[in-house]
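Start counting the sequence shown at 2; every next residue gets the next number (this note's numbering).
It should be emphasised that the hints constitute simulated quantities derived from the structure, not laboratory data. Check the hints yourself; a few may be wrong.
[Said to hold, decoys possible] Below 27 angstroms or equal to it, Euclidean Cα-Cα: the simulated DSS-like pairs (lysine-lysine) are:
(1) Lys73 <-> Lys99
(2) Lys62 <-> Lys101
(3) Lys7 <-> Lys73
(4) Lys101 <-> Lys7
[Stated by the list, open to error] What follows is a set of in silico ranges between Cβ atoms, one per label pair, in the way DEER data are often shown:
(5) Gly46 <-> Glu19: 39 to 47 angstroms
(6) Val29 <-> Tyr54: 15 to 23 angstroms
(7) Gly94 <-> Ala35: 30 to 38 angstroms
(8) Lys73 <-> Val8: 18 to 26 angstroms
(9) Lys25 <-> Thr93: 15 to 23 angstroms
All C-beta atoms, glycine included, are put in the ideal place defined by N, C-alpha and C.
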Amino acid sequence: MASLNKVMLIGNLTRDPEVRYTPKGTAVCDIGLAVNRRFVNEATGERQEEVTYLDVVLWGKQAELAGQYLHKGRSLFIEGRLQMDTWEDKATGQKRNKIKIVCENMQFIGGTGGGGGGGGQHADDGDGGYSAPPQQARRPAGGGGGYQQRQAPAQRPPQRPAPQQNDDFGEGPITDGLDGDDIPF
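Just need the whole structure built from these sequences, with the hints factored in.
Okay, structure coming up:
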């Protein structure tokens with residue numbers, strides 16, 4: 002039977018990134034990620050929130066970028082896989098295990114978060130966190146360097162407003178008018 006080891010998470014950094022390098026010079030970065038789950042307690046009907054704290058490891062260029070641009074409180078999308086770390090506790094001699102996330106893809110989301118810092122690019126401007134330099138800065142001095150410049154469109158297509166953040170825990174058009182007992186699951 003086939004198997005799948007894939008994790009996609011959105012959360013906030015719980016600490017500043019810790020970057021180190023292997024003896025061969027590969028960057029490794031450890032971060033902590035807090036992921037929230039909101040739900041309605043069936044017994045009390047109250048809205049509740051549960052937080053899960055996860056350790057994430059990034060390698061190579063992503064590790065360097067995380068160390069350079071991320072800080073505690075920053076929102077982040079992580080795509081990766083689960084990995085079991087096993088070691089022997091030196092103090093007790095017991096075998097220890099810990100599951101961590103190995104990041105395969107990372108995307109900055111939201112603003113800079115956490116209140117610190119200033120300036121910089123925000124990923125919520127629709128370009129995934131990386132923006133191209135201004136058009137004039139990309140043109141080499143002395144003309145097009147033998148390449149023709151592509152003509153810019155006359156006008157930009159209209160942009161839709163950003164969807165409203167909704168904290169109604171799944172209530173909306175699909176569940177309007179339904180009693181909780183009417184839902185089969």
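Q. Measuring from beta carbon to beta carbon, are Val29 and Tyr54 in 15 to 23 angstroms?
A. holds (20 angstroms)
Q. Straight-line Cα separation of Lys62 and Lys101 no greater than 27 angstroms?
A. The given pair, whose Cα atoms are some 19 angstroms apart, holds under the 27 angstroms limit.
Q. Regarding Gly46 and Glu19, is the given constraint of 39 to 47 angstroms on their beta-carbon distance met?
A. holds (42 angstroms)
Q: Take the C-alpha atoms of Lys73 and Lys99, compute the straight-line distance between them, and say whether it is at most 27 angstroms.
A: Measuring from Cα to Cα gives roughly 22 angstroms; hence the hint holds.
Q. Is the straight-line distance between the alpha-carbon of Lys101 and that of Lys7 27 angstroms or less?
A. holds (12 angstroms)
Q: State, for the Cβ atoms of Lys73 and Val8, whether the hinted interval 18 to 26 angstroms holds or is violated.
A: holds (22 angstroms)
Q. Is 30 to 38 angstroms a correct range for the gap between the Cβ atoms of Gly94 and Ala35?
A. Because 32 angstroms falls inside the window, the suggested range holds.
Q) Has the hinted range 15 to 23 angstroms been met by the Cβ atoms of Lys25 and Thr93? A) violated (32 angstroms)
Q.
Just to be careful, I want the Cα atoms of Lys7 and Lys73 compared with a cutoff of 27 angstroms; is the pair within it?
A. holds (25 angstroms)
Violated hint: 9 only; the structure is consistent with all others.
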